[in-house]
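Counted the way our numbering counts, the first sequence spans residues 33 to 452.
These aren't lab readings, by the way, just hints derived from the structure by calculation.
Think of the CB as a built atom: it goes at the ideal place given N, C-alpha and C, for glycine as much as any other residue.
Any given hint might turn out to be false.
[What the hints assert, rightly or not] With beta-carbon atoms standing in for the labels, derived distance ranges:
1) L221 <-> E248: 22 to 32 Å
2) R443 <-> R243: 38 to 48 Å
3) A103 <-> T78: 39 to 49 Å
4) A103 <-> L227: 50 to 60 Å
5) Q64 <-> G334: 24 to 34 Å
6) R277 <-> K36: 19 to 29 Å
7) H215 <-> T78: 49 to 59 Å
8) E248 <-> E104: 43 to 53 Å
9) F38 <-> D163: 26 to 36 Å
10) F38 <-> E174: 52 to 62 Å
11) K84 <-> A145: 47 to 57 Å
12) E450 <-> D163: 49 to 59 Å
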Amino acid sequence: MLDKRFIRENPDVVKQAVRVKGLDLDVDELLQLDQDNRKLQFEVDTAQARRKSFSKEFAKADEVRKAELRAESTTFDKQLQELREQLSATSARLNELMLATPTIPWEGAPVGADESANTVVRTWGTPPEFDFTPLDHVDLAEKRGWAEFARARRVAGERAYVLCGDAVLLERALHSYALDLLHGSGFRLMSVPSLVKEAPLVGTGMLPKGRAEIYEIPADDAFLAGTAEVSLVGLHAGEILDASRLPIRYAGISPCFRREIGSASRDVRGLLRVHQFEKVEQFVICADDQDESDRWHAELLGTAESILQALGLAYEVVECATGDMGVGKYRMNDINTWFPSLGLFRETHSCSSLKDWQARRANVRYRTAGGEVHFAYTLNNTAVATPRLLAAVLENFQTADGALRVPEVLRPYLGGRETL
RNA sequence: GGUGGAGUCGCCUAGUGGCCGAGGGCGCACGCCUCGAAAGCGUGUGAGGGGGCAACCCCUCCGUGGGUUCAAAUCCCACCUCCACCGCCA
Numbered sequence: 033m034l035d036k037r038f039i040r041e042n043p044d045v046v047k048q049a050v051r052v053k054g055l056d057l058d059v060d061e062l063l064q065l066d067q068d069n070r071k072l073q074f075e076v077d078t079a080q081a082r083r084k085s086f087s088k089e090f091a092k093a094d095e096v097r098k099a100e101l102r103a104e105s106t107t108f109d110k111q112l113q114e115l116r117e118q119l120s121a122t123s124a125r126l127n128e129l130m131l132a133t134p135t136i137p138w139e140g141a142p143v144g145a146d147e148s149a150n151t152v153v154r155t156w157g158t159p160p161e162f163d164f165t166p167l168d169h170v171d172l173a174e175k176r177g178w179a180e181f182a183r184a185r186r187v188a189g190e191r192a193y194v195l196c197g198d199a200v201l202l203e204r205a206l207h208s209y210a211l212d213l214l215h216g217s218g219f220r221l222m223s224v225p226s227l228v229k230e231a232p233l234v235g236t237g238m239l240p241k242g243r244a245e246i247y248e249i250p251a252d253d254a255f256l257a258g259t260a261e262v263s264l265v266g267l268h269a270g271e272i273l274d275a276s277r278l279p280i281r282y283a284g285i286s287p288c289f290r291r292e293i294g295s296a297s298r299d300v301r302g303l304l305r306v307h308q309f310e311k312v313e314q315f316v317i318c319a320d321d322q323d324e325s326d327r328w329h330a331e332l333l334g335t336a337e338s339i340l341q342a343l344g345l346a347y348e349v350v351e352c353a354t355g356d357m358g359v360g361k362y363r364m365n366d367i368n369t370w371f372p373s374l375g376l377f378r379e380t381h382s383c384s385s386l387k388d389w390q391a392r393r394a395n396v397r398y399r400t401a402g403g404e405v406h407f408a409y410t411l412n413n414t415a416v417a418t419p420r421l422l423a424a425v426l427e428n429f430q431t432a433d434g435a436l437r438v439p440e441v442l443r444p445y446l447g448g449r450e451t452l
């Protein structure tokens with residue numbers, strides 16, 4: 033969500049953002065509604081001021097005047113009611129359009145309709161070379177008894193999986209490593225709800241547009257969140273934070289649920305695209321200062337890279353194109369990790385800066401040292417998301433004898449074992 | 001699942017229909033006092049929207065949404081959240 037004043041003063045900038053992000057939003061309609069809405073607001077305010085004066089006078093009036101006032105009020109209320117209805121109709125529509133307004137993307141972002149316009153910023157590491165025929169993670173996991181797919185799908189349908197034995201320990205090790213790392217660098221560890229209400233989903237921008245992607249539980253007016261970000265933003269919804277509390281840094285861990293409705297029958301094999309997964313997420317709320325936000329973006333991205341480097345996984349960092357980054361984002365960098373079975377890099381992390389787009393929706397504000405109330409800036413990035421990253425570890429570190437070489441940083445979490 | 005209680009301006013609290021256009025205390029800010037501070041005294045102290053060149057002015061908000069009334073923090077209904085107890089339970 034953008035600032036209305038900004039839209040009024042910079043309609044062309046907004047239109048440009050709508051265009052490069054490939055969105056369907058009529059900025060002129062929005063501007064017209066905004067103007068209509070303000071006019072109606074003024075009329076309603078004025079009418080209400082007058083209406084209030086009737087009641088004031090009533091208390092002091094004699095019986096004759098009271099009868100007059102009652103009659104006048106009734107007539108006046110009809111007009112007022114009509115105005116109110118008009119106002120609520122225009123403001124509802126205005127709000128609908130406001131929720132669809134995009135963050136103006138970073139000028140450095142490649143302009144393009146979709147991910148094919150993304151550019152590689154840098155790569156790290158070298159994809160492993162095998163002197164044997166490596167298995168993909170599905171074959172390897174099944175061979176070692178580390179996963180069940182056919183049976184899992186009997187239980188939970190397509191894209192379901194069961195991790196078994198050492199794969200469970202390895203998954204847990206990845207999350208433990210990420211949590212310890214973040215805890216050590218000042219992030220507050222937060223284990224948050226996945227079962228959430230509608231408001232935080234609207235606040236984070238997952239709704240209304242992303243409805244098809246989210247599991248709904250209508251009996252309880254609840255939803256299953258696709259990321260811990262939903263709860264982490266929601267925790268501070270409606271608050272005015274003291275500047276001294278910023279930046280807020282959270283490492284959120286939660287089960288994540290996604291319907292994957294837009295990618296039906298894609299990646300149906302294995303652990304790459306599943307409906308339920310486990311993610312440690314980095315999340316920051318900071319002041320509305322672009323330089324500071326940029327620094328956090330770099331740090332969140334750097335932390336994710338350091339995790340992959342520590343694991344010894346080759347990856348590339350991608351600058352996401354305007355059409356790929358999503359409505360609310362100012363800048364987005366994906367990190368794609370090498371998957372030997374695919375012979376390419378696949379997304380394992382996604383780092384986003386949203387400026388105050390999310391904070392405006394969720395009404396997360398802070399009071400500056402000077403006493404002014406501002407919307408905060410928010411950023412987020414994956415730290416570790418499994419089982420996708422687990423699959424990368426399985427594929428990259430398999431050995432000729434069908435074993436798995438455990439990355440050194442994970443060994444402390446696996447009783448010091450060097451291979452599984 | 002059941003029963004009872006509660007949600008007021010950062011915090012505590014007053015407020016059972018018009019004098020609430022929300023009072024008091026704490027905290028905070030500024031000033032006076034002081035060598036300096038504390039104490040004391042005084043003043044100020046929310047958010048959102050709108051109008052005006054401006055000084056200013058108006059509207060909305062007492063958990064949320066409805067309702068009753070000329071008039072609602074106050075009365076009625078529903079919901080949300082919290083607390084206590086009972087039942088069930090990982």
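Right, here's what the structure says about each hint:
1. L221 <-> E248: 22 to 32 Å: The hint (22 to 32 Å, Cβ to Cβ) holds, given that L221 and E248 are roughly 29 Å apart.
2. R443 <-> R243: 38 to 48 Å: 43 Å, holds
3. A103 <-> T78: 39 to 49 Å: 21 Å, violated
4. A103 <-> L227: 50 to 60 Å: 54 Å, holds
5. Q64 <-> G334: 24 to 34 Å: With Cβ atoms ~45 Å apart, the hint is violated.
6. R277 <-> K36: 19 to 29 Å: The hint (19 to 29 Å, Cβ to Cβ) holds, given that R277 and K36 are roughly 27 Å apart.
7. H215 <-> T78: 49 to 59 Å: With a Cβ separation near 56 Å, H215 and T78 satisfy 49 to 59 Å, so the hint holds.
8. E248 <-> E104: 43 to 53 Å: Given about 49 Å between the Cβ atoms, the range holds.
9. F38 <-> D163: 26 to 36 Å: 59 Å, violated
10. F38 <-> E174: 52 to 62 Å: 54 Å, holds
11. K84 <-> A145: 47 to 57 Å: Given a distance of about 54 Å, which is inside 47 to 57 Å, the answer is holds.
12. E450 <-> D163: 49 to 59 Å: 20 Å, violated
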